[in-house]
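Quick mapping for you: the protein sequence lines, in order, are chains A and B.
Heads up: the first sequence begins at 0 in numbering that gives the first Met the number 0, then just goes up one per residue.
Heads up: the second sequence begins at 0 in numbering that gives the first Met the number 0, then just goes up one per residue.
Source of the hints: derived by calculation from the structure; they are not laboratory data.
Just so you know, these numbers come straight off a predicted model, no measurement behind them.
For every residue, glycine included, the Cβ atom is placed at its ideal position computed from N, Cα and C.
Among the clues, some could well be false.
Stated by the list, open to error - Over the 12 Å line for every Cβ pair with chain B, so calculated as not near, a few chain A residues:
#1 Glu-20
#2 Asp-36
#3 Arg-39
#4 Leu-42
#5 Glu-131
#6 Tyr-135
#7 Ala-154
#8 Asp-210
#9 Glu-265
Claimed, not checked - Not the full set, but computed from the structure, chain A residues with beta-carbon under 7 Å of chain B:
#10 Ser-109
#11 Arg-116
#12 Met-151
#13 Ser-160
#14 Gln-164
#15 Pro-190
#16 Ile-215
#17 Ala-219
#18 Leu-221
#19 Phe-254
2 protein chains.
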Amino acid sequence: MSRLSLNQWTTKRWSVAEAVEGCVRHGVEAIGLWRQDVARQGLEQSAKLVRDAGLRVSSLCRGGFLTSGGAEALDDNRRAIDEAAALEAGCLVMVVGGLPGVVPDEPLGSGDRGVDRDLAGARERVAEALAELAPYAGERGVRLALEPLHPMYCADRAVLSTLEQALDLAEPYPSEQVGVVVDTFHVWWDPHVLAQIARAGDRIASYQVCDFLHPIPANALLGRGVMGDGVIDFTSLTGAVTAAGYTGDVEVEIFNADVWATDPDEVLARVKARFGELIGL
Amino acid sequence: MSRLSLNQWTTKRWSVAEAVEGCVRHGVEAIGLWRQDVARQGLEQSAKLVRDAGLRVSSLCRGGFLTSGGAEALDDNRRAIDEAAALEAGCLVMVVGGLPGVVPDEPLGSGDRGVDRDLAGARERVAEALAELAPYAGERGVRLALEPLHPMYCADRAVLSTLEQALDLAEPYPSEQVGVVVDTFHVWWDPHVLAQIARAGDRIASYQVCDFLHPIPANALLGRGVMGDGVIDFTSLTGAVTAAGYTGDVEVEIFNADVWATDPDEVLARVKARFGELIGL
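Hey, can you work out the whole structure from these sequences and the hints?
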């Protein structure tokens with residue numbers, strides 16, 4: 000029995016219904032869903048589809064973008080928590096947001112937004128927002144999963160750049176309320192990653208795998224590759240996650256223009272083969 | 000009296016002779032040189048040009064690329080040390096190299112090179128090579144300056160990703176023999192950067208400034224911008240470097256296609272203005 004989970008954006012052109020069918024067709028037992036696609040399919044119908052197919056929902060992507068403060072972001076995160084509860088997702092992945100005024104894929108200064116360069120302040124606002132959201136999640140049985148992102152996304156997507164930071168943020172809360180994501184792409188370079196995975200222990204809410212491509216493509220967000228196509232040593236990372244006691248699903252999440260242009264069934268077959276070969280869980 | 004130093008690759012089309020003239024014309028008192036350009040100009044002539052112009056050579060770029068091991072890399076680094084001595088450079092910048100088999104700007108697997116994914120092993124080889132090179136540098140009065148590079152260059156250019164790592168590596172050696180580079184572009188995201196700058200103290204061999212652009216351009220190496228054009232808060236970093244006791248030159252090093260396409264005199268004028276406004280040293 001494999002612990003492989005298909006993150007839906009690996010087969011991005013598939014709807015929730017198609018991805019669920021794809022998982023069943025390929026014998027994949029778990030799926031990671033995205034809020035946008037769930038909304039398109041309908042929340043109730045998405046929940047029914049995965050339930051009827053007997054799939055586990057390993058994660059819902061994603062809450063977060065909390066660094067600019069304000070009630071609107073908190074409200075949206077409460078809705079995300081409610082959706083994760085309805086889907087019985089293993090966790091809600093939290094991408095905490097970048098510097099206020101920096102928008103992914105948009106040049107600086109566009110739309111008359113000024114950049115707030117106070118990185119320490121942005122990081123503090125994440126902690127403050129977490130204090131609001133963690134109890135709300137706890138009441139609904141949803142686990143927030145703080146995801147440190149590769150430092151190249153610090154400005155626009157996540158001021159949370161290391162597993163150590165994520166664990167420091169999570170520490171005040173019960174581990175079933177706030178965990179962390181270990182995503183090989185984001186953490187492989189970190190000199191402290193193995194020690195921090197050991198420290199994480201039962202805080203590991205999600206283990207996500209994909210490779211780090213070289214060279215980084217023109218759109219730096221799409222530098223994720225199928226395991227084996229890049230520079231990451233999966234043996235040490237997977238070994239550390241296993242030694243830390245993690246027994247949950249292992250999500251394959253690949254943002255990649257070539258992968259997205261390929262027939263999703265072919266992608267899923269290749270992912271399964273490489274998963275067996277390089278992850279082996 | 001300004002501590003601004005022009006790193007020669009900010010005005011990349013200028014030869015050593017032209018860059019020296021440019022510095023004199025704009026009242027810039029120090030210059031950072033590159034080995035390739037020095038070789039083209041001639042080592043002796045380059046040394047004479049800067050000496051006659053009364054310029055300080057804040058750094059020579061660069062030694063390093065030590066992760067694949069082998070005598071050839073050590074020999075080349077010894078030559079770089081000799082060149083730094085001849086130029087009376089403040090330090091020799093060390094970009095330590097990435098994973099063996101990963102070549103900057105070349106797709107993986109090209110040229111029949113296999114990738115060695117053992118990151119910890121590559122990091123150990125840097126420490127071993129340093130043990131060979133530090134005494135050699137010390138005998139010639141050259142200071143090696145270990146440069147942590149942004150983690151997005153971990154695979155191809157530097158397995159040294161944080162200031163903490165660089166300081167750990169430098170620790171066994173006298174600080175006049177092995178120091179570190181603090182380059183705003185590479186370290187701004189690091190949650191520990193201010194503490195590590197304080198720890199560095201007189202290990203700081205070079206303070207380099209440029210901005211981190213958003214979005215990251217198609218060639219990720221060229222994401223360096225003129226101060227003020229990106230997302231970095233220079234106040235906190237410059238304040239920390241000053242508080243650590245650094246009184247040396249401050250090099251502006253910008254790899255950027257638009258900057259390189261601009262008349263170098265215009266670039267230098269803009270750099271001077273922004274340096275005054277945002278660095279103020």
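Here is how each hint holds up against the structure:
Annotated as non-interface, Glu-20 (chain A) keeps its C-beta farther than 12 Å from every C-beta of chain B; the closest such distance is 34 Å. For Asp-36 (chain A), the shortest C-beta to C-beta distance to chain B comes to about 24 Å, beyond the 12 Å cut-off, and the non-interface label holds. Consistency note on Arg-39 (chain A): stated as away from chain B, and its beta-carbon is indeed over 12 Å from all of that chain's, at 27 Å minimum. Non-interface call for Leu-42 (chain A) relative to chain B: holds, since the shortest CB-CB distance, roughly 32 Å, exceeds 12 Å.
Even its closest Cβ contact with chain B, about 22 Å, leaves Glu-131 (chain A) beyond 12 Å, as expected for a residue assigned away from the interface. Every CB of chain B is more than 12 Å from the CB of Tyr-135 (chain A) (nearest about 26 Å), matching its label as outside the interface. Listed as outside the interface, Ala-154 (chain A) is inconsistent with that label: its C-beta sits roughly 4 Å from the nearest C-beta of chain B, within the 12 Å cut-off. Against chain B, the non-interface label of Asp-210 (chain A) is violated: not every CB pair exceeds 12 Å, the least being about 10 Å.
Every beta carbon of chain B lies more than 12 Å from that of Glu-265 (chain A), the smallest distance being close to 20 Å; the non-interface claim holds. Proximity of Ser-109 (chain A) to chain B is violated relative to the hint, the smallest CB-CB distance being about 11 Å (cut-off 7 Å). For Arg-116 (chain A), the interface hint holds, since its Cβ comes within 7 Å of a Cβ in chain B; the closest pair sits about 4 Å apart. Taken as an interface hint, Met-151 (chain A) checks out: its beta carbon lies about 4 Å from the nearest beta carbon of chain B, inside 7 Å.
With its C-beta approaching chain B no nearer than about 5 Å, Ser-160 (chain A) sits inside the 7 Å limit, and its interface hint holds. About 5 Å separates the beta-carbon of Gln-164 (chain A) from the nearest beta-carbon of chain B, less than 7 Å, and the hint is met. Checking Pro-190 (chain A) against chain B by beta carbon gives a least distance of about 5 Å; that is within 7 Å, so the hint holds. About 5 Å separates the beta-carbon of Ile-215 (chain A) from the nearest beta-carbon of chain B, less than 7 Å, and the hint is met.
Taking 7 Å as the C-beta contact cut-off toward chain B, the hint placing Ala-219 (chain A) at the interface holds, the least distance being around 5 Å. At about 12 Å, the closest approach between the beta carbon of Leu-221 (chain A) and any beta carbon in chain B exceeds 7 Å, and the interface hint on this residue is violated. A cut of 7 Å between beta carbons decides the hint on Phe-254 (chain A): the least distance to chain B is about 15 Å, and the hint is violated.
Checked against the numbered hints given earlier, this structure breaks hints 7, 8, 10, 18 and 19; the rest are met.
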